[in-house]
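Position chain B against the provided structure of chain A, taking the given hints into account.
Residue numbers (my numbering), protein chains in the order written: chain A, 33 to 369; chain B, 33 to 369.
Any given hint might turn out to be false.
Note: identical chains are not told apart, hence a pair may lie in one copy or across any two.
Here are the simulated lysine to any residue pairs, SDA-like style, with alpha carbons at most 25 angstroms apart [said to hold, decoys possible]:
(1) K46 with H163
(2) K35 with D208
(3) K72 with E276
(4) K59 with Q81
Hints were generated in silico from the structure; no laboratory data involved.
2 protein chains.
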Amino acid sequence: MIKRLGDSTIRFEKEPSIVGFASVVGKKEAEGPLKDDFDKIIYDMHLGQDTWEKAESVLQKEALSIALTKSKKDARDIDFIFAGDLLNQCISSSYGLKDFNIPYLGQYGACSTMVQGLVMAAVMVASGASHMSACVTSSHFCSAERQYRFPLDYGGQRPQSSQWTVTGAGCCILSDSEEKSLPKVKVATVGRIVDLGVNDQNNMGAAMAPAATDTLMRFFRDTKTSPSDYDMIYTGDLGKIGSELLYELMQKEGVDIRHNHKDCGVMIFDKKEMDVHSGGSGCGCCSSVLCSHILNNVTARKQKSVLVIATGALLSPTSIQQKETIPSIAHLVNIIA
Amino acid sequence: MIKRLGDSTIRFEKEPSIVGFASVVGKKEAEGPLKDDFDKIIYDMHLGQDTWEKAESVLQKEALSIALTKSKKDARDIDFIFAGDLLNQCISSSYGLKDFNIPYLGQYGACSTMVQGLVMAAVMVASGASHMSACVTSSHFCSAERQYRFPLDYGGQRPQSSQWTVTGAGCCILSDSEEKSLPKVKVATVGRIVDLGVNDQNNMGAAMAPAATDTLMRFFRDTKTSPSDYDMIYTGDLGKIGSELLYELMQKEGVDIRHNHKDCGVMIFDKKEMDVHSGGSGCGCCSSVLCSHILNNVTARKQKSVLVIATGALLSPTSIQQKETIPSIAHLVNIIA
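So here's chain A without its partners, still in its complex pose:
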């Protein structure tokens, strides 16, 4: 049912269908170029909660609820849910999803978590272990700022290479439905941890670009395809600087992706006007763009085969204080119309 291709790529012989997807974002994200693609816009950054962490939990709850409603499914239809976020011990996922009563498998791949969850959900469905599985991830600007940059009053200046944590969540529901009009997950490549020694936490794009290159190159080798076989290659959130570096690294491997590549972190904000420096980031960046603009395009058959490569930096504030370098990872899925 699932076939190995080459080194570390898997091909779903019976391709899982994306029967539902939904995105929820904050006000700033909804002022960007993708505003018409999102399902719900949150104008109250607190989402009616008394802490940022609980607010982020509500983002996940909303994304899953809307995906269920859009696909006319009930939480009881979902066999397994894969979820994750950036908070310590992934609390926005555990608290956000606990009331749904769905068998739960917490994932941690930093900003790559959405595609990791998608790969796992696809494996569950394609293997017969599940009729329907879901994945959801989130991030919230304020909970991330508190956790990673506290005390904020210190006013550390953000360099141009830094990225802006997206307030948002995205959810996908995968099923073994054979309905032809639905987007399908065809191939996946699981990332390896790559660490080329970058230790600047304000330049995550540079830390993650080598991981994206490693995964892309293995995918192309394993599938014997090239960039021109795909309508678009979307990276998770390398940002502007990380994307430029990706072009250079891919060029060194003899592969040019400049002409059909976009980065979710660059797409979600209007860089000129929004003061986000290198672009968006966070587990909610790739997930909210995937579960809106990208899947809208594939569903409408504007794009018939796309690659989504979510990148994650597997550091922590502690590892940075201890002068460690930043290990990164990138997971890939090929989604087809």
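Same frame as chain A, now just chain B:
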């Protein structure tokens, strides 16, 4: 290849084999009743590193290396590795495993992570997505104390219901080998998040026992079996108090497990002499006991069919400060000789 049973249980039709397993523990754990079962004992809590977090990374590295050596495999033979720990952003896994170059999928289920990883690795192997996959988890008393109970100088007194974080790691390697002498993973039940309102972080056993009950009862219903069908039911780390509560909760469901139940957190320490209060805990507790005593028993056919249910408390220091209750989860596998 994988069959759904009832509500949320999966049956591996071609059962993945456990081709290798290994455990590494600290000095205190090696002074307990299971001392002769462990593969390696660490007498230097620093493991030659300058921080506790790096020391914990080395535990994972050692556990995987020994499991590879014992099974005569190479890191290149492993298609996917599932790993996790209790540290923020799971850094002992990402830093500990980065040099092995194995496609990596980070898991977070608190102290339930080992069985979660085992379920995922088994799914990968049974579905044909992988010939060989591994899982590894760790915890370290000192990195956990620093993260969860800092500043230690405050000297908060440990109540009798508290548990002692195990310094240890365990690793399992699963493969599609059909060699009959190897232990096999036959059935798995994925846990749901259960939260009955316990908010005392010094009584995790009480928070987790309802999750263990929920998973066990669903497993018995889905498989139409009862406790007497199994040689032993091992829970992850409910400790003494959590185990007593589990007996009561199971009794309310009409099921008596007192006669063939043991808890890894109780087994690993000598409660009378070791001042560990309710018992051991941490991602390294269930994994080091599973990958030593339990799998030794199954390999030697002293036990032919056992249940391993690892429990996890999905809280964080932040959620506790915010007066949240403690959501818990329990994942189960049935391992057969």
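Can you name, in rising order, the numbers of the hints this structure does not satisfy? Violated hint: only 3; rest satisfied.
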